[in-house]
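K.L.:
Each chain, letter by letter, is given below.
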Amino acid sequence: MRTTTTVIVGAGQAGLAMSRCLTERAIDHVLLERGEVANAWRGRRDSLRLLTPNWQSRLPGYRYRGADTDGYMTVPEVIDYLCGYADAIDAPVETHGAVTSLETHCDGYLITTTSGRWRARTVVVASGAYNLANIPAFADAVPAVVRSLPATEYRNPGQLDGGGVLVVGASATGVQLAQEIQRSGRPVTLAVGGHVRVPRVYRGMDIMWWLDAIGVLDEHYDQVDDIVRARRLPTFQLIGTPERAAIDLNTLQDQGVQLAGRLAGVTDAGIAQFSGSLPNQCSLADLKLRRLLTAIDTWATDHGLHHEIPEPWRASPTVVEESPPLTLDLAAGTIKTLIWATGCHPDYSWLHIPVLDPKGQIRHQGGVTDMPGLYVIGTKFLRRRKSTFIDGVGDDARDLSNHLAQHLDSLSVH
Amino acid sequence: METVTATTAFADNGVDIEFLRSAREALTAEPEGAKFSWRVTNTWVRGTHSRSTCKSFYGLGAEQSHRAEFSFHGDHPELFSAEDNGATPVELVLAGLASCLTAGVAAVAQQRDIQLRSVSATLQGDMDVRGILGVDADVRNGFSAIRVTYTIDADATPDEVRALVAQSQKRSAVFDIITNPTNIIVAVA
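Note that the protein sequences, when read in sequence, are chains A and B. Counting in the working numbering, the first sequence runs from 1 upward without gaps. Counting in the working numbering, the second sequence runs from 1 upward without gaps.
Bound conformation, chain A alone:
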């Protein structure tokens, strides 16, 4: 059994940022990584790029130094970037040892991995926000003639049969898959529930620049009305491309994608049932977009930018056909593939400490759990709206490493 002051579970962006902050405070620690650095970024789909521009990949003591500051990293570039960070901060990573159990032990914690055991006074869970796909219970009713897979297993259109594809979910992943699969010649139906519509570029600036500037990304977990809802919000409908192209339900429909409401169920006969709420879901997203652009315009005027940048504009309302489809016969043979782009959630099945809520998620206040010395980082809206972004985890790591250091000080006083 080995001993350290702090065990960080996971060596992705969150674990690495925390490592850097602990090193700054000379707190002895180790990162336990099931695979390699940036493991969750490995084996992702071919076309994937970050939704945030390169300049916005700031981590504690590290930033993008390439020439394409407004571009969006491909997955291999993200992996290189994070591996470069691990080297630059000399992160003490133990690779290829998955944590199988975390339990309390004396005045600290006992961590078991596939390659050994550790004892630590404090633990930071940085094992990722997106470990397991959210698949609804009625998925079992999808007929066997349809190949059903989570978006996490999708790599490129070439792996799919010819024929129709039902993409379920219209967050960033869902709209991106709908676009590239439709372009591959496979007709796509996209099931659309709650979604967040934003332009890629507004008044000459990347939308992520605006969200950063007007303070949306810095909103704190204790400032929003309903943090549970904020944590469930789907990702922005965005795509990172060299052309800084826009993507929304209108551009998809122009390309031939068929929209339907939220997938509400699949009958025993294999009939997919879509909610009749599509018009309202689109109204909600259009209204929310208009409020955001108005807030941006107000900020631009208040900061003397109004005459320096292009004119304001408003997106045309989302087109919803008169009678969107309410059913789709999955057994008829026209749909060959169903892809669940319904989001993911963290897996804490290895965490044997009573800090989980009835849904299996860690109860915490901005990353601080009820169990002294146990922290979580890198999950959705942990402390700030940007908590899951590479650019956002640094501030959380600074705050939590400060809390962790105070906790260690309090232990040494006693």
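One thing to keep in mind: the hints can contain errors.
With a straight-line Cα cutoff of 27 Å, these simulated BS3-like cross-link-like pairs (lysine-lysine) come out [said to hold, decoys possible]:
id, chain 1, residue 1, chain 2, residue 2
1, B, 55, A, 359
2, A, 380, B, 55
3, A, 288, A, 380
One-sided and incomplete, this derived list gives chain B residues near chain A with beta-carbon spacing under 7 Å [what the hints assert, rightly or not]:
id, residue
4, 166
5, 169
6, 171
7, 173
8, 179
9, 180
10, 181
These are calculated hints, taken from the structure and not from any lab test. Virtual Cβ for every residue (Gly too), placed ideally from N, Cα, C.
Using the hints, position chain B against chain A.
P.N.:
This is chain B only, laid out in the frame that chain A set:
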């Protein structure tokens, strides 16, 4: 002489938003109390005429009761050779949807501190009756579409009013019941 004028007028739509907030908190801690059962009894009168009543329901872990028994008559119009003693069942569905959405508009307006002066809605359910008459098996029994038009006078911008109506749909029980499938288990006692 100085006059002090109250400049902060809070919206009052007659919705007890504090109660809703505290109920939400209480039921987050005690999810069992959130399990409600709504009940209606229905008795055939004659022809297509029947009478539905509601009085008791279950919620907050105990039997509950309305202030009084409420009743609703359902029937078909004379052009279907019926006696027209009440609304058609599909009109009752529209009334249920309207009541639910309007209650939601008031609650959301209160939550957002928006004063309402008047709210009215017209609802239209389009139906091809060849479905219920069994003329064409490809025509569904129910509505082909429901159209709702709200007219709202409130201290708010047009977009804020649209957002009230949109949020009300998002939170509405009847909107959900109509737009999403529900398992219906009918037994004969």
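K.L.:
All the hints need checking, so say for each whether the structure fits it.
P.N.:
Results of checking the hints against the structure:
no., hint, result
1, B:55 / A:359, "violated (35 Å)"
2, A:380 / B:55, "violated (44 Å)"
3, A:288 / A:380, "holds (20 Å)"
4, 166, "holds (5 Å)"
5, 169, "holds (4 Å)"
6, 171, "violated (11 Å)"
7, 173, "violated (13 Å)"
8, 179, "holds (4 Å)"
9, 180, "holds (4 Å)"
10, 181, "holds (5 Å)"
Hints 1, 2, 6 and 7, counting from the list given before, are not met by this structure.
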